[in-house]
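Engineer: These are the residues of each chain, in order.
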Amino acid sequence: MTDPSINLSERRTFLGILLGGVGLVISAAAAWPVWRFLAPSSGEGNLAKVSIQRAEVPLEQAHFFSFHGKPAVVLQAAPGKFAAFSAVCTHLGCVIKWVPEEQEFLCPCHAGRFSVEGKVLGGPPPEPLEELPVALDGDQVLVG
Amino acid sequence: MLERLYHFLEVRLGIRDILEQNLTKYLLPNNVNIWYTLGAVLITLFVTQFITGILLLVYYVPNPAEAFQSVERIMNEVPYGWLIRYLHAVGSNVIVIALLLHMLSVLFMGSYKKPRELTWVSGFILLNLSFALCLTGYLLPWSQLSFWATTVATDAAGAVPVIGDALVRFLRGGAMVGDATLGRFFALHVMVLPAMLAGLVGFHLFCVRRIGISRPPFGEDYRPAEVKGYFHHEEHPGGIPFFPNYAIKDMAVIFFFLAGLVYLVFFAPGLFIPPSAFEPADPFTTPEHIKPEWYFLWAYQTLKIFPSEFLGLAVQGLVMTGLALLPFIDRGSERRPGRRPLFIACYILGILLFVGISVWGHYS
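Line by line, the protein sequences give chains A and B. Residues 1 to 144, numbered by the numbering used here, are exactly what the first sequence covers, in order. Residues 1001 to 1364, numbered by the numbering used here, are exactly what the second sequence covers, in order.
Quick caveat, the hints were computed from the structure, so don't treat them as lab data. Do not rely on the hints blindly, as some may be mistaken.
Claimed, not checked - Now the stretches of chain B that chain A is said to cover, found in silico as 3 or more residues with beta-carbon under 8 Å: (1) 1077-1084; (2) 1238-1249.
What the hints assert, rightly or not - Just some of the chain A residues that point at chain B, by a computed CB distance under 8 Å: (3) R12; (4) L19; (5) P33; (6) L38.
To be verified - Ranges of calculated distance between the beta carbons of each label pair, as one might list FRET restraints: (7) B/A1198 with A/V22: 19 to 29 Å; (8) A/F64 with B/E1003: 57 to 67 Å; (9) A/S115 with B/A1180: 45 to 55 Å; (10) A/S115 with B/G1178: 52 to 62 Å; (11) A/R12 with B/L1002: 21 to 31 Å.
Idealized CB from N, CA, C, for every residue including glycine.
Modelling step: build the complete structure from the supplied sequences, incorporating the hints.
Structural biologist: Now the structure itself:
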């Protein structure tokens, strides 16, 4: 059965290359499931609207909520006039807060100020707040 | 580029010397056999458990209210979660198989004898640490199986005289298996036991390397090595180099075990995961025929054979202590199986008894 023309060293080299190759294939095959296991979810259902009870957003008040995993705010600046924004400050990513006395948003990190339309009033933010579409459906405010 | 890196490390760490001493010039006995690969297999399997365990920790929630759902989520929602979890759960069973084979081969070849007592004792503690890891890991999915298997297992400690009840309460963190049990089992499973295991594996390997690999007691020219009264590293002049010769064999057997593990994960995970593992724990409903894992069946059945639980527990303790201290009891220098008929008879009887009692426990 044994071919004398192939010496032990050659067999060992062949087996080594074979096992190394199998090892590489296994490593590559294992990397994909691990990557997929750890990767954040693909954001399935991100197009879904978020519904908020109208009563939760009184006049001249803001309601903070989670919009597809990110903080957002819905505001009733005038009777029946709702607006929604991403609550993430466009400066360095802190979450803004509502200042009812001033009727404006304030970023507590670096004192960025935004109007009820999301426009920059002062401070370092380079851009206005990201606006989110709002619709009314009976006693529900639909965002998204 | 690689050559420059090698040169950089060589100048600073003298790696050529380290590599030669531990790889190419590390000589193993000429008649070294395939059973000597089980240590490398076990290290690979433990590393696999470590990696899959960390991955599971990303999604697992150690809280009775959420543990089962978090495991369900891993199995059904997280991409490849089922693969990671089955590799971990089935892998623990494959580790126990490899550990038992490793122990049986060491017993058969008498490698535990002087001067390798510390290697044996540390190995035996590693076996028990692995069992403790299996037991604590079993509870974490908070299924009917985990809840009741842990209830039965911790209840056995109640047979210890005087302190039995207190011991059960301490193990469970309360009168019954509950939140406190999950908390302490989780801490043990993910931190305490793995840290102890890693440290002890290091010591075990240090012992193996320091005293030298034992020559297999086979072949006409084998003579028992003379044990001196001072430290002596067993050399094997003219032996085969660890690298590449034996490392290739190590790799082949490692892949064989990995192939077996993957086969079980894909085609027969149910062999180790019964249906009651898929129901959430219900502390008020005991499922019928609750049984421990296959490697604990011998202990489970022993407790039932003897008229009192204490007697059963005492016999178990005696067997385990006897095994742990074997090198101090069996002190002859002869290692050839053919010249140790009494030991080999006990060895075969022991295996038959383990298998027999386990099968009895399974069907009882």
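Engineer: Would you mind marking each hint as holding or not holding in the structure?
Structural biologist: Okay, the hints, checked on the actual structure:
| no. | hint | result |
| --- | --- | --- |
| 1 | 1077-1084 | holds (count 6) |
| 2 | 1238-1249 | holds (count 3) |
| 3 | R12 | holds (6 Å) |
| 4 | L19 | holds (5 Å) |
| 5 | P33 | holds (4 Å) |
| 6 | L38 | holds (7 Å) |
| 7 | B/A1198 with A/V22: 19 to 29 Å | holds (27 Å) |
| 8 | A/F64 with B/E1003: 57 to 67 Å | holds (60 Å) |
| 9 | A/S115 with B/A1180: 45 to 55 Å | holds (53 Å) |
| 10 | A/S115 with B/G1178: 52 to 62 Å | holds (54 Å) |
| 11 | A/R12 with B/L1002: 21 to 31 Å | holds (23 Å) |
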